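J.: Chain by chain, the residues:
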Amino acid sequence: MSRVEFMQGNTACAEGALAAGCGFFAGYPITPSTEVAEHMAAKLPKRKGVFVQMEDEIASIAAVIGASWTGARAMTATSGPGFSLMMENLGYAVMTETPCVVVNIQRGGPSTGQPTLGAQGDMLQCRFGSHGDYSIIALSPSSVQEMFELTAKAFSLSERYRVPAFLMGDEIIGHMRERLTIPDSVEVAARRRLEPGTLPYTAGEDGIPGFPTFGQGYGVHVTGLTHDERGYPAATNPRLHEKLVMRLVHKVESARKEMADYVVTNPGAEQVFISYGAPARSVFQLLHDRPGEEIGHLRLRVVWPFPEFALGEFPDAKTFLVPEMNLGQVAREIQRHTDVPVIPVPRLGGDLHPPAMLAKALEASR
Amino acid sequence: MSFRDWYRADRLPTIYCAGCGNGTVINCALHAVDTLGWRWEDTIFVSGIGCSSRAPGYIRTDSLHTTHGRALAFATGIKLARPELHVVVFTGDGDLAAIGGNHFIHACRRNVDMTVICMNNWIYGMTGGQGSPTTPRGAITTTTPYGSGEGVFDLSALAVAAGANHVARWTSYHVKELTNAIDAGLRTPGFSLIEVLTQCPTAYGRRNKLREVSDTIEYLKTHAILLQRYNRLVAEGKPVPEDMFTVGEFVRRNRPAMGVPP
Amino acid sequence: MKLAIDSSRCKGCNLCMLVCPYRIFKEGKEQNERGIILPELDRPERCPNCRLQKLYGRTLCGLCQMICPDQAIRWDDEAKNERQKVEVEF
Ligand SMILES: Cc1ncc(C[n+]2csc(CCOP(=O)(O)OP(=O)(O)O)c2C)c(N)n1
Ligand code: SF4
Ligand code: SF4
Ligand code: SF4
Ligand SMILES: [Mg+2]
Chain S
1 MSRVEFMQGN TACAEGALAA GCGFFAGYPI TPSTEVAEHM AAKLPKRKGV
51 FVQMEDEIAS IAAVIGASWT GARAMTATSG PGFSLMMENL GYAVMTETPC
101 VVVNIQRGGP STGQPTLGAQ GDMLQCRFGS HGDYSIIALS PSSVQEMFEL
151 TAKAFSLSER YRVPAFLMGD EIIGHMRERL TIPDSVEVAA RRRLEPGTLP
201 YTAGEDGIPG FPTFGQGYGV HVTGLTHDER GYPAATNPRL HEKLVMRLVH
251 KVESARKEMA DYVVTNPGAE QVFISYGAPA RSVFQLLHDR PGEEIGHLRL
301 RVVWPFPEFA LGEFPDAKTF LVPEMNLGQV AREIQRHTDV PVIPVPRLGG
351 DLHPPAMLAK ALEASR
Chain A
367 MSFRDWYRAD RLPTIYCAGC GNGTVINCAL HAVDTLGWRW EDTIFVSGIG
417 CSSRAPGYIR TDSLHTTHGR ALAFATGIKL ARPELHVVVF TGDGDLAAIG
467 GNHFIHACRR NVDMTVICMN NWIYGMTGGQ GSPTTPRGAI TTTTPYGSGE
517 GVFDLSALAV AAGANHVARW TSYHVKELTN AIDAGLRTPG FSLIEVLTQC
567 PTAYGRRNKL REVSDTIEYL KTHAILLQRY NRLVAEGKPV PEDMFTVGEF
617 VRRNRPAMGV PP
Chain X
629 MKLAIDSSRC KGCNLCMLVC PYRIFKEGKE QNERGIILPE LDRPERCPNC
679 RLQKLYGRTL CGLCQMICPD QAIRWDDEAK NERQKVEVEF
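Just so you know, the protein sequences line up as chains S, A and X, in that order.
For the record, in the first sequence the residue sitting at position 350 is 350 according to my numbering, with numbers rising by one throughout.
Count along the second sequence from 1, add 366, and you get the number used in my numbering.
Count along the third sequence from 1, add 628, and you get the number used in my numbering.
If we strip away everything but chain S, and leave its shape as in the complex, we get (with noise of 0.2 Å):
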């Protein structure tokens, strides 16, 4: 039987964590994931996990990452002064092609900014934060329940992908409280072992190489530097770095239609609405306040990697109006994509975009 509760997006993520099997959590306090890591330091002991506070979230992520190694599913929580600190760390994870989940609650930035205010701010970031082409996993909720599932369907990706997989929430949407259904088990996709005999690096088809887990005798060097299929540090071969590289992209882009999620509405429309995160809510309300219209809204769980073939659920669109809580981050990808005008709604301040707001843009874009 599944239960149902009243809860506060930031622990609903931890909920979800823990319903994924997550193991292991490092992190360092911060407004506004801090439940998170207070609700994981508060049950992971009782499940023989493992909560650490560390010293900054430099070393927060660098623990998550050893920890994987050892073949468990961990996690970090932060927001941004701390997301920015862990970008070289999430490189490496992108390298050493380790499976580690990340929540940001995003705040507004830049530097102290917004503590306690909501933003989506980061969603470039986490894309293009570290140095060097990679391509990642990134979700985002819209609600207490999204909080929940999206963070145990991060675990499943990052796990199969064996990429980090970022939840990127936001401080309206970790702080509110809503009603939330715990399912009795989540299913999470296990990591995949390496066959015996075969090379820690060596990838088939689908570009990504199975696991060889610490301490059972697979003797595998993991290293950031540029490798080969043994693990060996092969830093100055240019081919051999082009190969890597491609590989570690084409095993994210090409999965694109696997791992899509997104909701769409109205696809017959002319007008759509492109959201993610806390902004859904305001289409929602505008959709609720004008039913007799036809206003599409294409609502992504899953914002990286982008999911263009989306758009194409609306092939009567005449303009995509993207409501965001920054500058048009997701806006400026969505018009790489289509010859239908792209028209960013940004919305800074920390709080969400007033109904009212939408229904002048979507008047405006007639």
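Calculated from the structure, these hints are not laboratory results.
Wrong hints could be hidden among the right ones.
Pairs of lysine to aspartate or glutamate, EDC-like flavour, derived with a Cα cap of 20 Å [to be verified]: (1) X:K682 <-> A:E450; (2) X:K654 <-> A:D371; (3) S:K48 <-> A:E450; (4) X:K682 <-> A:D371; (5) X:K654 <-> A:D376; (6) X:K630 <-> X:E673; (7) X:K713 <-> X:E673; (8) X:K682 <-> X:E668; (9) X:K657 <-> A:E584; (10) X:K657 <-> X:E668; (11) A:K542 <-> A:E584; (12) X:K630 <-> A:D371.
Just so we're clear, the structure is a prediction, and the values are computed from it rather than from any experiment.
Given chain S, work out where chains A and X with the ligands should sit, using these hints.
T.: Below, chains A and X with the ligands without anything else, positioned relative to chain S:
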């Protein structure tokens, strides 16, 4: 098995310069691990970035060559997630005490059960010889071309003050004593630091009147003073030459530790 | 057993020379195919390991092998029918 069997023979020779002390330190560490009877399947070597941090790449066990300064944080994750694994970290003076300084003192404070071997060559070797937190006053490096004017960290004293259960210092010349110190570190539950003063003929020696490998070895041999002897001299009010450094075991204690296998 | 320097590993640093109590390692003169001048061995059978390693079941002294930063020093078994040289220094 002998310590030689712990090497990845297919990766030798190392990238190290001729006469670099790092290879000696790895020998001693592997000898200690081997004679203690640890299985390679259960032993994990972790490191940051630097010449010293290349060590795990030459060892056949599972190994994690991480980012500059962060080895101890990665190692903490491994050890807390799977306490039954043995964790040994190789690091350098820059890796441990400059960029990784915060992780260093906190790993000591947590007293996480691991053995950390720091090749302290007073320099950033890998990047070509810049000043580090252990560069002696007056020493010439590429970033202190007129002589270093900064203070010097005593890594061992730092570890003792920060709460490590076991701290010792030796040099790459004292191979027997170093091996015994590492052995003691491996056996001690909690955090253990073995600081090894090591020659870097290329980036340090060449600029500081220690051009030949043997020059630094001679220096290490003649300037090391055993802790007990030092204490005796001090107690007797006798003078200790300024340029001597103490070697030996600074602390072995049994404070509560994290990540100790049940 | 026979003391040997692995010429594919040795970098010619001469650290072995500094530690051997028997002064078995001598400064070399000729470059090998890798351009490295390996130390020369002066009557290596004087090393106690050559005679006693097998008997004692462990490495004796072993300082040169331990300090050799390039893992280049080893003791090989004599080939079948090869005479074992013994030289004892008191
Ligand atoms: C974040 C970051 N900053 C700088 C560097 C460049 N870097 C590589 S090794 C190194 C210094 C290493 O010094 P040390 O730890 O003493 O190791 P050694 O080479 O002397 O053994 C630096 C600064 C880096 N790799 N990463
Ligand atoms: S630069 Fe110095 S520390 Fe690095 S390999 Fe050469 S001698 Fe060793
Ligand atoms: S110590 Fe090793 S590397 Fe150096 S000269 Fe002797 S055998 Fe060669
Ligand atoms: S083992 Fe000792 S005596 Fe024998 S060659 Fe080496 S250093 Fe000399
Ligand atoms: Mg150094």
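J.: Hint by hint, note whether the structure agrees.
T.: To see whether the hints hold, each was checked on the structure:
1. A distance of roughly 35 Å separates the Cα atoms of K682 of chain X and E450 of chain A; the hinted pair therefore is violated under the 20 Å criterion.
2. Taking the CA atoms of K654 of chain X and D371 of chain A, the gap is about 27 Å. The hint is violated against a cut of 20 Å.
3. Between K48 of chain S and E450 of chain A the alpha-carbon distance is near 14 Å, which keeps this suggested pair within the 20 Å criterion.
4. Proximity of K682 of chain X to D371 of chain A is assessed by CA-CA distance (about 18 Å); at most 20 Å being required, the pair is judged to hold.
5. Taking the CA atoms of K654 of chain X and D376 of chain A, the gap is about 28 Å. The hint is violated against a cut of 20 Å.
6. Distance restraint check for K630 of chain X and E673 of chain X: the Cα-Cα separation of roughly 7 Å lies within the 20 Å cut-off, and the hinted pair is therefore satisfied.
7. Proposed proximity of K713 of chain X and E673 of chain X is supported: the alpha carbons are some 6 Å apart, at most 20 Å.
8. With a C-alpha separation of about 24 Å, the suggested pair K682 of chain X and E668 of chain X falls outside the 20 Å cut-off, and the hint is violated.
9. Restraint check for K657 of chain X and E584 of chain A: the C-alpha separation of about 23 Å exceeds 20 Å, so the hint is violated.
10. Distance restraint check for K657 of chain X and E668 of chain X: the Cα-Cα separation of roughly 8 Å lies within the 20 Å cut-off, and the hinted pair is therefore satisfied.
11. Our distance criterion of 20 Å between C-alpha atoms is met by K542 of chain A and E584 of chain A, whose separation comes to about 17 Å.
12. A distance of roughly 19 Å separates the Cα atoms of K630 of chain X and D371 of chain A; the hinted pair therefore holds under the 20 Å criterion.
Of the numbered hints listed earlier, those contradicted by the structure are 1, 2, 5, 8, 9.
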